[in-house]
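Undergrad: Here is how the chains run, residue by residue.
2 protein chains.
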Amino acid sequence: MASQSFSGGGDILADGSRSPVEELARRLRASHGRLAVAESCTGGMLSAALTSAAGSSDYFLGGVVAYHNSAKTALLGVPESLIASEGAVSAAVALSMAEGARERFGAEVGVGITGIAGPGGGMLGKPVGTVWVALSLARISGPVRTSHCLNLPGDRRQVREAAVEQALRLLVELLA
Amino acid sequence: MASQSFSGGGDILADGSRSPVEELARRLRASHGRLAVAESCTGGMLSAALTSAAGSSDYFLGGVVAYHNSAKTALLGVPESLIASEGAVSAAVALSMAEGARERFGAEVGVGITGIAGPGGGMLGKPVGTVWVALSLARISGPVRTSHCLNLPGDRRQVREAAVEQALRLLVELLA
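As they're listed, the protein sequences go chains A and B.
Mapping of the first sequence onto my numbering: residues 48 to 223, in sequence order.
Mapping of the second sequence onto my numbering: residues 48 to 223, in sequence order.
Okay, chain A solo, but in the shape it has when bound (with noise of 0.2 Å):
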């Protein structure tokens, strides 16, 4: 399934008074950009967040939440093989999470997460706390693509609302 290409935000600008969910729907809005994602330690928080708002059907297509990896490469396409270089939590799999959301919902941005929540699950090189996101945009001039990791604070519950949060971030400087 081909996603279509997406102009982006333009020249819409931060507003400070807005939450990131609402701020996002209006660049989204202004765009005609709609958005999938692909979830393992969020477990579906990003999506629940998205959909709080009356309306969000405008712009947000659905989602995915690929705990298992089995369910990365079943319902996203993520490779086992990427899986077993890569390790679930890499740049690596969040971008081919993003991009398999991005296609099998037909839209023009994906995100994917993917990251230890703890408290158990972390290992050398990649503590409780560690989480990539990943975003992908298709875009006439070409697709753009971005990874990013974070490494937060916090119990299992903070991990995943923080990770939430900077999502809508970095999705919200994506449509800038």
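Some hints could be false.
To be verified - Below, a sample of chain A positions facing chain B; criterion: calculated Cβ distance under 7 Å: (1) A95; (2) S104; (3) V111; (4) A113; (5) H115; (6) A118; (7) F152.
Hints were generated in silico from the structure; no laboratory data involved.
This one's a predicted model, so the numbers in the text were calculated from it and none came from an experiment.
Every residue, glycine too, gets a C-beta built ideally from N, C-alpha and C.
Given chain A, put chain B in place with the hints provided.
TA: Frame of chain A; chain B shown alone:
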């Protein structure tokens, strides 16, 4: 992708001291059952609730937030003709979502939620607060399918939260 059969929770008793998420986790663990969900109006909130507990990857495979009808078809295999004939908010579509989630994730238990959270979207016979929750359980003796129509009071947030609570309660009952 065929899902495996599942023996159910047998004689495990409800324990009022546990939250519905904890009780469901206990029953799924005891039965070696794995869960997949498909959400429309709750927009990821059920998945987020299920993954709030550490260790939820033992029994939660993942979910699809099928916010647009196109996502219900593309990601979950809900027939377009079914949505057209029954409406997106119907027992038949909720069941198709539950079975789609169960099959696509290879789970033993599937849940589908579709409803009208408001403030808009209400119609004759389907006012705001109408939510269908469907469950699909693969048992050795054959699949068990149930659907439940909820009429939930309150605003968008209250309808969504109550739908998640009721879905968890129905899942606990199913695995009794």
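Undergrad: Provide an ascending list of the numbers of those earlier hints which the structure does not satisfy.
TA: none
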